[in-house]
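Trainee: This is what each chain is made of:
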Amino acid sequence: MADLALSFSRRPVAMRHPSVVIFIGALALFTIAVTILAEGFGIGVISNSFVKTLGKTLCLCLVALAMDLVWGYTGILSLGHMAFFGIGGYAIGMWLMYARTETIVVQSLASAPLPPTPQEISDGIATQIFGVVGASEFPPIWAFAHSLPLQLAAVVLVPGLLALIFGWLAFRSRVTGVYLSILTQALTLALSLYLFQNDSGLRGNNGLSGLQNLPGLDDVPQSTVSMWFFWASAIALGTAYLLCTWLVSGKFGSVLRAIRDDETRVRFLGYSVEAYKLFIFTFTAIIAGIAGAIYYPQAGIVNPAELAPIASIYLAVWVAIGGRGRLYGAVIGAALVSLLSTWFTGGQAPNIRLGGYVISWVDWWTVLLGLSFVCVTLFAPRGIGGLFDHLAKLRSPKRRGAPLGPDAGALREKEADQ
Amino acid sequence: MSQLLEVSGVSVSFDGFKAINNLTFQIGKAEMRAVIGPNGAGKTTFMDIVTGKTKPDEGTVLWGEKSQSLLSMNESQIAQVGIGRKFQRPTVFEDQSVADNLMLALKKNRSPLAVLFFRPGREDQERIAELAEEIGLSAALDRKAGELSHGQKQWLEIGMLLAQDPKLLLVDEPAAGMTPAEREHTTEILVEAAKTRAVVVVEHDMEFVRRLNCKVTVLHEGSLLAEGSIDHVTSNNEVIEVYLGR
Amino acid sequence: MVAALRVVLACVMLVLPLPMLAQDTGAPIQRLLQEHGDVIVKSSRKTIQPAIDALAASGLPEARDVLNRWREKEMWVNKDTGTFVFAEKAPEKQLLLFDVAGSAEIGLAEAKAYRQLKPNSGIRGLISAALVQFQLSDPSPAFRLAALNAIERDPDASHLSALRAVMDSETQPSLKVRIARLERLLTIQFDQDDSARIAAIEGFQGDLGVDLRAVLSPLVVTKIDAAETLPDGALVVEVGTDSLPTAAAYDMLVAKDLAAPHVTSDALRAALIENIDGTTVAGVQVATLNTDEARLKAYAELAREGTVPPVISNSDVLQTLEQFVFFQTFIGAPPAVALAAQAALLDIETKLALSQTADLALDALSLASIYFLAAIGLAITFGVMGVINMAHGEFIMMGAYTGYVVQLFVPDHTLSILLAIPLAFAVTFSAGVAMERLVIRWLYNRPLETLLATFGVSIALQQIAKNIFGTQARPLTSPDWLDGSWVINDVISISYIRIAIFVLALLFLALFLFVMNRTRLGLEVRAVTQNPRMAASMGINPDKINMLTFGFGSGIAGIAGVAIGLYAKVTSEMGTDYIVQSFMTVVVGGVGNIWGTLLGASMVGVLQKGIEWFNPSNTLAAQTYMILFIILFIQFRPRGIIALKGRAAEA
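Chains as they are written, first to last, in this note's numbering: chain A, 1 to 418; chain B, 1 to 246; chain C, 1 to 651.
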C-alpha cells in the first residue's frame, strides 16, 4: 500500500505542493526587491506611483485568487466578486474619509471664538463630505464611520452577509451555471445602480475620494505610506495563498472539485452541495472585501463605476487567461493582464503605423484583450497555467463530448474539461 | 415494521404523461431484488423518486424502522440516511484520483466544517485499500479516474457505493459493458452485499438477473405488473406479452 | 404708387378752395366721440372706461375702426373744434386727414392744429378688450379663432360679456363649442354672481381639461392665519397636524410679531461671541463652551442679566400657541364657490388617477415592448439554442449604428429607415453567422465558456465601435410621420415612436411564431435543439441549422437596434444597457418559450414603471429594485413563468 501514502500523507502542505514554496518564495523576493528599489525605504529607482500600481496589482491577484476558488475549483462563475471588492473599499473608505475630514474640520474650527461642540464638528464633517450631493447630514449608513474597528468589521461582514443572503437564496433554489452567472451579474448591476444614486448616502457617482491620505499621519510621506500598503498587500496575498492551498488540498477541495464536475453525483453521495457552495461563495466574498479594503486606499478613490458588472467580468478574464483551477494561474493572470492593461492604456506602449492609420494602443488595447480572451477560451482553456502543466508533463484525460452524468442534464460534459 | 423501504400508491406525471402510476413496492432489510421492465416502464423514475431527485404527485415513501417519510428530504439527506445509488452510466469524478473518489464516498461526517478539518486516519486508509482490493483497483489508486476503462469505472462506482456503507443499494444496470468474468465478480459482490443490506438491481439482462437468484419485480407503464421468482415472472403471460410485443 | 397718387390728389385739393370741409361733423360716431371728448382727450386709464364702453356698445359700424385706429395712435383731435379725425403724417408738417365716419379722405392740414391721441398701454389694453367683441363677430373665421386664442391666453373679466354677446350668433360649430367652453371658464373666474359661477363649475362635471384645472385651482387656495378669536365662517385648523405642524404655527406667529422668535443655535453662538469678555462669557470660561449644554447655560446667564432675549422653551411655545386660534380661509373665491370648486377638483383628481393609471399602463406596455424587442433575439439564441451570447447587446448596437450610417448617405428619413432595417438585419446576421462559425461552434455544451468567449467578443466590438464612431452619442432621426404623439386626453398620450415599437414587437412575435412553427427551418431548428444526433441522422445538417438560427437571432437583434436607436441615443455602450435586462426577461419568462419571453418582458416593463411611479424622480432606484425583485422571483420560479416540465426541462 505504498501508493496510499502518496495520496494521504501527513506531510506538510508545502511538501505536497511545491508550487506553494515557489510562490511564497517568489512573492517574498519580489517584496524585498521592491522595498529596496522604492523611494520609501530604499534607493528610489522605482517611482512612488509605480509602487502603488504594484501594490494594487497584488490586491487584484488576491481577488483573482478568490475568483479562482469560487469558479476554477467550485464551478460557480460569479460575476459579482468585484462588487464585494468594491464594498470592501467603500467600508474602509468611509472611515478614511470621515477621520480625515474630522481632523480638517477640527483644525478649521479651532480658530473660532467659541470651542466647537460635537454637533458642530459632525455638521462640519457632513457638509464637507456631502456637499457635492447637496446634502449636509449624515445618512444612517455612516453611523459607524467614526470607528476604525467597526468599519474594519464591515469590510468582512458586509460582503460576507451579502454573499450569504444572496447565495442562500440562489443555491437553495438550485440556480446553477449560466443562470447563476446572470443572476450575480444582475446583483452587481443593481448594487452599482444603487450606489450611483445621490441619495444612497455614499456620494453617488462621486464616490469616496482622498483615501490615499491616512488620517493623523499627514507628516508621513506618501512614499512611506505606499510601502506600508504594498507590504500589507503582499502579506495578505501570501496568507490567502496559503489558506486557499490548505482549503483546496484536502478532502474539502476534493468535494469542491467534485461539485464543479458533477454536482448531482455529489448530492447522491450525501453531501449538502448547497452548504459547500454557500461556504465557498461567502468565504471568497470576504477575501474580495479584504482585497478591496487594501486596494482602494492605494487607488485613492472608489466610485460606483468600480462595481459595474464589467469589472467582475474582467476578473473572470484574468483568471481564465492565467488558468483556472490552479491558484498560481489566477495570480499570474491577474498580475499579467492588469499590468499590461496599465501599460497599454497608460499610453506608454508604442503606437503602430499601419499605412495611413496609426493604431493607438490606448484605443485598441481593449479590442486586443477581448480577442485574445476569445482565443484563450477557444485554444487554451487552461490558460497560461497550461504551460506549467506542459512542462510538468501533467495531463488530464481527454473526454471531449464523453457522457458524464446520471441524467440527460449531466450527460453533457459541462465545464468538466479543465 | 419489518420492511426497510415501503413505497405505496406513488404516481408522477410529466406534462400529462404518467411515468409512474400508483406504484407500490416494498423491500426488507437484507434482501436482494431485481427490477426489470421494458423501456419506459418507469424504472429510472422509480429510483429518482426514492433518491429524492423527483418528487411524486401523490403517494408515500417510508423508510426504516421509524417510518420516516423520504418525500420531505432532499437528495443529500436521503443519501445520509443510508440509500446509495449507482447510475446507469458510470459517474465518477474523472479529474480526481481513484483514492480521492473512494475517500469522497467513505462514510464520514459530511458537513462542510467537518470535511474542512478532516485528515484521513490509518483506519480510513486501510478501509480504502480494502475496497480497492475488492474492486480490483489496488494498482490504480493514484491514477485519475478519467483514465480508467469503462469497466473499471463501473467497478470504481460500485466501490464508492460500498464505501458509503448504505442500508439500501440502488444499482442501475451494473453489468453493462462488462466482460463475462467481470459480470461474475459483480454478481458476487452484489450477492455478498445483500447479506447485510437491501439491494435493488435494475437490469435488462435476464441472464444476469437469473444469476442473482432473487425475487423479481416487473414494471410496465409505471405500474407493478408481476412479482415473484424469475421463473414465475417469465412464465407470466402478461410479462411475455409486454416483452415480446403484441 | 398709391402714395404718389395721394400726393397729387392732395395738391389738387389744396388748390381747390375747399379746405377740410368734406367732414360730416354730424355723423353719429363723431357725435358720440364728441360726447366723451373730454375723457378721450384726457386719456386717463381711470376714467376712460365709459367712453370705450359707449363706443363698443354703440352698435355703430365705424366703432370698430375707431377703436382700432385709436389704439394704433392714428386718431387726432382738432385743438379748436374738438372734432376727431384719422390722420397720417404727410411731408412738411402736414397731416392727411380722414373722416372718422367712413374713413373718407378729407385732405391735408397743418399738423399743429391737431393733437395726436396717444393712449397709454393700460388704455390700449382696455381698447383691445373692447375690440375682442368685434373680432369675435368678424366675418372671417380665422379672425374669430385668433380672438378666441387671445382670450384663452390672457382671459379677462371684460371678455365675458363679449363672449356672451356672440355665443348665439356664432355659426361655425367648432368655434361655437370653443366659445361656449371659454364662456363657462370665464364665468367661473369672473362672473359677479356666485350662483352662476357654481352652476358653471358644476356644468363641467367629468371634464379633465388642464384649462379647467388651471381655472379651478386658484379658487380653492386657502390661507392659514392666526388670531386671538375665530372670525366668522372660518375653519379652525388644529395645531400639530400635518397641515399645520407646531413649528410652522409658531413661526407664523413670529412672522406676525405675535410671538418672540426662537433663539437659533447660530444666534445663540453669535450672542455668546458678542458678549465675550476677555476669556469669559457671563462668568463662564470660553474654553468650556464646547457642548450645547454649557452654551445654553452661559446664554441663560446672559438672558438673566437681560443682555439677550431669553431662550424659548417648548413649553413657552405651547403656551403661546394656546392663546391663538388658527383658521383657514379661502382667499381665491367666496366660500360657496370655493367649496364647489373643491368638490369639482376632487372629482377631477379621482378621474385623473384613473387616467394616470391608464397612462402608466401604456408607458409600461411600451417599455415592455422595448424589452421584448431587445430580448427576442436572445429568446432565439439562448432560449431555443441554449447558447448564451453576451455580445447580443453589441449586435443591437451594430444595428443602431447601421441605421446611423445609412442616414448619413440617405437623407430622406423614411427611406433611410426602410433601408436600414434590412441592412441592419444583413449586417448582424453576418456578424452572428461569423461568430457562430468562429467561436460558438467550438463551445457547444460548455455554456460558461461560451459566456466568457462571447463576452470577449462583446468588449472588442464595443471598443471598435468607440474607435470608429467616437464616444459621442449619435442621433438616429425618425421620419416626420413618427414625430408627435397620439393624445387621448390631457393625461393619456403616447408617442408614435412607441406605438411603432409596439407594433414592431408584435410583428417580431408573429414572425418568430411563423418561422418556428410553420416553416421547414423552424421544424429543423426544433429538431436540432431537441436531439442533434437524431436530427443529423434524418438528413438535417445541424451545423447549418445552428448557424442559420444564430444568424436569425442576431439579425433580429440588429433590427431591434434600429428601433431602439430611434427611441434612444446611439452609443457604443448602448448594448450594455440592455443585456442584463434582456437576459432577465428571457429567464423570468422561462427559457425556450416565446410566450414566456413576452410575459417576462411585460412583467419587467410593468414592474419598472410601477416602481418608478412610487418614486418618479429616480429611475436608477426603479432599476435597482426591479432587479432585486427579479432575483427574488427566480427563487420561487427558478424556471421562469412558463416552465418546461419533466424530462425536457432537465436537458
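There could be a bad hint or two in this list.
Dumping the calculated EDC-like pairs for lysine to aspartate or glutamate here, alpha-carbon to alpha-carbon at most 16 Å [as the list claims (entries may be wrong)]: (1) Lys107(B) x Glu123(B); (2) Lys53(B) x Glu274(A); (3) Lys466(C) x Glu274(A); (4) Lys118(C) x Glu92(C); (5) Lys89(C) x Glu72(C); (6) Lys79(C) x Asp38(C).
Hint data in this document are derived by calculation from the structure and do not stem from the laboratory.
Trainee: All hints are to be evaluated individually against the structure, with a verdict given for each.
Mentor: So, going through the hints one by one against the coordinates:
1. Lys107(B) x Glu123(B): holds (12 Å)
2. Lys53(B) x Glu274(A): holds (15 Å)
3. Lys466(C) x Glu274(A): violated (42 Å)
4. Lys118(C) x Glu92(C): The hint is violated at about 22 Å.
5. Lys89(C) x Glu72(C): holds (13 Å)
6. Lys79(C) x Asp38(C): holds (12 Å)
Of the hints listed earlier, those the structure fails to meet are numbers 3 and 4, in rising order.
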